[in-house]
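Asks: Given next are the chains, with one letter for each unit.
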Amino acid sequence: MTVSAAPAEAILEEAQPGRRRRVRGSSDTRAYGLATITVIYLLWALVPVAITVLFSFNAGRSRSTWQGFSLRWYTWDPTGSVLNDESIRNALTHTVLLAVLATLITVPLGVLFALALDRWRGRIPSGANFLALITFVIPEIALAIGLLFMVTYLATPFGLGTWAQVIGLVTFQLAYPIVICRARLLTIGAHYEEAARDLGASAIGAVRRIILPMLFPAILVSAILVFADVLDDFVIVRYLSSDASTETTSMRIYQTARAAPTPALNAMATIILVVSTLVIILGWLAYRRWSKRQGDTTELGSFAGNL
Amino acid sequence: MADRPRRPLSRRRLLQASALAVPGAWALSACAREQPLGGASSAATSAGASSGAAPAPSPTALQIASPQNPVKWPINPGNEPIASGLEPEAGATLRIYNYPDYLDKAVVKDFQKEYAEYDVKVEYSTFNDYPEALTKIRTGGVPYDVTFMGYNFIARLVYGDLIRPLNHDYIPNIQDVWQEFQNPWYDLEWQYTVPYVIFTTGIGWRSDLIPEDIGARPNPYDVFWDSKYAGEIAVLDDDREVIGMTILRDGGTDVNTADPAVLGAARDAMLEMLSLSQPRVTITGYTDIPEGVLSLSQCWSGDMITGQYYMPEGVDPSVLRYWSPPDGRGMIGNDYMTVLKGGENPVLAHHFLNFMLGNDVSLKNFSWVGYQPPLRSLTPETMVADGYVPENLASAVVKPEWFQVGYPLLELPPEVEGEYQAIWQQFKAGA
Amino acid sequence: MKDRSTRLLWPILGLPAIVWIVLFFLVPFYVVLCVAFGTVDPVFRTPIPIWNPLEWQFTQVAVVWDRLFGPDNFYLPAVLRTFAYVAIAVSACLVISFPVAYFAARHAGKYRGLVLALLIAPFWISYMMRMLAWINLLQPEGLVNKIITLGGLIPLDINWLSGNPFTVVMGLIYGYVPYMLLPLFASLDRINPSLLEAARDMGAGGFDVFRRVILPLSVPGIVAGSLLIALPMMGDYFTSDMLSKSPSTAMIGNLINLSIVAPGQAGQAAALLLLVLLVLLVPMVLYTRSNARAEVRS
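Chains as they are written, first to last, in the numbering used here: chain A, 741 to 1047; chain B, 11 to 441; chain C, 42 to 339.
Heads up, a few of these hints could be off.
Below, computed lysine-lysine pairings styled on DSS-like, alpha-carbon distance capped at 30 Å [to be verified]: (1) K119(B) <-> K351(B); (2) K151(C) <-> K1032(A); (3) K187(C) <-> K238(B); (4) K119(B) <-> K131(B); (5) K82(B) <-> K351(B); (6) K351(B) <-> K131(B).
Label pairs and their in silico Cβ distance ranges [said to hold, decoys possible]: (7) M243(C) <-> A240(B): 54 to 60 Å; (8) I199(C) <-> K82(B): 52 to 58 Å; (9) K238(B) <-> N114(C): 27 to 33 Å; (10) F956(A) <-> L56(C): 20 to 26 Å; (11) L56(C) <-> G95(B): 55 to 61 Å; (12) V260(C) <-> T927(A): 19 to 25 Å; (13) L109(C) <-> E401(B): 48 to 54 Å.
Which chain A residues stay away from chain C? Per the calculated CB distances, all over 10 Å, these [said to hold, decoys possible]: (14) L811; (15) N824; (16) L841; (17) G929; (18) R1028.
None of these hints come from the bench; they were simulated from the model. Computed from a prediction, not measured in an experiment: that's the story for all the values here. For glycine and all other residues, C-beta sits at the position ideal for the given N, C-alpha and C.
Use the sequences and the hints to build the structure in full.
Replies: What follows is the structure, given as structure tokens:
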């Protein structure tokens, strides 16, 4: 089970464009079949969400009967709209606040750890790395309950609420920057740093001036991933929330989706969707600028592939 | 990592780790949070919810109030009422802890407006049931000011020193409620609580989805064991209400029983219910029934009255129905408001209680939550005529005399409560 | 001199994350142990953790064990149900995502970027929002019922949202399939096309190529993807809560979530959680290892 390294494959493809086309040509019918399945899958995956977005613009209360286009649930409904319902507004701002704080802490922690792991061998770093990877696959409820118990039964300097939520989220997300940056560091290899050291740079200088800039795409991608994932988080933020002021949008959907929702709930979910889309687009633009400067030609696909 | 194959955990490392664990544990216990325990000592007790292995706490630990045994609660030293004539806290956030949709937001806004000179903010946080609320109040660390509870939790609130005795000077509006609630059996001389709303537990449904007259059945509770309605019915997400209803269905009257035989039979019946009708377990019947997500649900009387405001477009509220035993021999209760000791704004909390009790505010709240306040100005006869309750839901009006014959859910001794919780857990596990 | 400072640099860089992991992953985990092996307050029935491992009591674990395998084993149905749901959902995710990932990796051609972006899109849409979408669609008056009854022509009254196991499993598939797609795409994308061609040149038919080349080469992706969705599903309670709310579809996650705030049961929740983690330890380690191996390979 040997798999050739990706670059070699790319070279192969570049060198033999004709052959690749021939392979594809020989399996046209199968490709059509696969394309059909893919289109059906995409419809199934995206249409329900599109309908949810659509109904956020419904003029009436219903979430299943269209009663005309309106911004009622965003702006002008006096009590129920996102703009006028303080609790929805609060959920939105709190969700974004958590995402910002968690990203600001997770990414530097993870990047530094990935750098350390690249050079520092031994039981401590590999044990810590193992634990970080475990946090990635452990059922989230386990982490949430652990922190809930810790905050409840130990005299931690922080109680339930924003900081407990941030701490839980950072712990849960830490694996992203570690894994992504380590993968990138492995492809960068040691020779750039060695060259810099040969030219007289200190270790810190080499990291700061050579490695970190080359790590930029990995840092960017992990920041986007963490940010978007935190916007989406439910289990940790719910277990570690204190009162209404630390409620997030996902908690609100969970609580009211089965109780008494209006299209304002759809509107709130749509706004979060817009926020995460914006972050991805900004990330993509930054990525494109970076790769232009590096002289790479890049397209959406390779950025997406990185995610 | 590539150059170093991960070695399996060796015994030596395991020993090293466990050698570290003990001092580590000591360090942890040094920073353990002090539990706000009452008098009970914790060291000698053991766990075990259903096995009954737990030794009974000292009998003096919990006093159980009941209509036959009214209780005047002690006032724990250091927990005296606040002084009279204090100004409400300025710039405060009043934290209210309650069921969702159990208080009119407009009334909260009115309160903020009335106390605008003190720059008051109100924050409304919610719980799903009382046990959760009690746990969170005790350990959650959020300084809630006011909570709404049922009387099956008052002994523990007092015992745990979690609530604050009231200074009656701040609450003149108590005059507006029924006489019996100015000296209720669960809190003689209303030292800690003021009444909020009263309710019965019964069955709500939509007559267009279930054409049957449930009340006409020989035993209306049987509807939950009717596989005809599988997948479209629900019971309340509340252990006491469901177990109590099951006991009543089987002909019992003691909804607070400690008799293992009765409880065992109730458990079996509940499991049978699960397999026959796969009920959902939820307290959101007040929206689910109007919306048609459920056709029928065990619910509280107020749920159906408020349900008329959740009707989907095109469906008339006149299809809502509610049944509870017409002779009043069903489960009946009231919730109270109380000031939590951990709150930061005790004066403002007193003002809030008084505000909520006032006749006009109370009526306004009633017309939104659908739960009936025990107001003197409100008689069962006039409630329908005045438009608070639609005619098809006249059965949801709570009559004062029912409090003489109905079955209140009382507080249980902890070990009995454990039995109830175990049954409930089994029910909710879907086994 | 310089050399030593260099050697120290890496541990210093790594230290914050290590401290973080110890404080907020290991310590909480230890607290869970202390609660699971602790006692219960007699009146409030809240857990009292026992900090010293030498004094740990096994009452709670025994209770949980009894409920799993004893005469009163009412946890067991929920556990078996969870395994069944997860097995079905993971298989379905695999069946759905394999052709899709294969198409994206091999046949998308000039649409590759677009297809990939669309495949990743659900990944960005909040899980709760996607569940909300289905709640809206599956309401009694919702679009799904309107379509299958042809607008009310056929008197078919399906209640999707109350204790319907089909809905819950569908929700799991819908919710988790994006997490399966990406690793699968990555591993299929890595297969060298000349290998397929060589197989074909040697006379292998389409199915043979799939069975003997593509499938074996995509095993790491299949394993990683399956683990990546199966593990979180084992702790999932919100999907069942959102789409059913009936005990008849309760999963292990629901048992734990319910017990955690119920009086007298937090310790049992902790003990149950520990048992679940113990069972999941093998697949978790498997995942981290496959992850490490993938790192080495790239």
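Asks: Evaluate each hint against the coordinates.
Replies: To see whether the hints hold, each was checked on the structure:
1. A distance of roughly 24 Å separates the Cα atoms of K119(B) and K351(B); the hinted pair therefore holds under the 30 Å criterion.
2. Simply put, K151(C) and K1032(A) have alpha-carbon atoms about 21 Å apart, close enough for the 30 Å limit, and the pair holds.
3. Restraint check for K187(C) and K238(B): satisfied, since their Cα atoms lie roughly 23 Å apart, inside the 30 Å limit.
4. About 9 Å separates the Cα atoms of K119(B) and K131(B), which keeps this hinted pair within 30 Å; it holds.
5. Restraint check: the Cα-Cα separation between K82(B) and K351(B) comes to about 19 Å, which is no more than 30 Å; the hinted pair holds.
6. Under the criterion of a C-alpha separation no larger than 30 Å, the hint pairing K351(B) with K131(B) is consistent with the structure, at around 19 Å.
7. Checked against the given bound of 54 to 60 Å, the beta carbons of M243(C) and A240(B), roughly 58 Å apart, stay inside it.
8. Look at I199(C) against K82(B): about 56 Å separates their beta carbons, and that is inside 52 to 58 Å.
9. About 31 Å separates the C-beta atoms of K238(B) and N114(C), a value consistent with the hinted range of 27 to 33 Å.
10. A hinted range of 20 to 26 Å holds for the C-beta pair F956(A) and L56(C), which are about 23 Å apart.
11. For L56(C) and G95(B), the Cβ-Cβ distance of about 57 Å falls inside the hinted range of 55 to 61 Å, so the restraint holds.
12. Taking the beta carbon of each, V260(C) and T927(A) are about 24 Å apart, inside 19 to 25 Å as hinted.
13. For the pair L109(C) and E401(B), the beta carbons lie near 52 Å from each other, so the given range of 48 to 54 Å is met.
14. Even its closest Cβ contact with chain C, about 19 Å, leaves L811(A) beyond 10 Å, as expected for a residue assigned away from the interface.
15. Against the 10 Å criterion, N824(A) stays outside the reach of chain C, whose nearest CB is about 21 Å from its own CB.
16. For L841(A), the condition that its CB be more than 10 Å from all CB atoms of chain C holds, with the nearest at approximately 14 Å.
17. Its beta-carbon lying about 12 Å from the closest one in chain C, G929(A) satisfies the requirement of being farther than 10 Å from that chain.
18. Non-interface call for R1028(A) relative to chain C: holds, since the shortest CB-CB distance, roughly 13 Å, exceeds 10 Å.
In this structure, none of the earlier numbered hints is contradicted; all agree with it.
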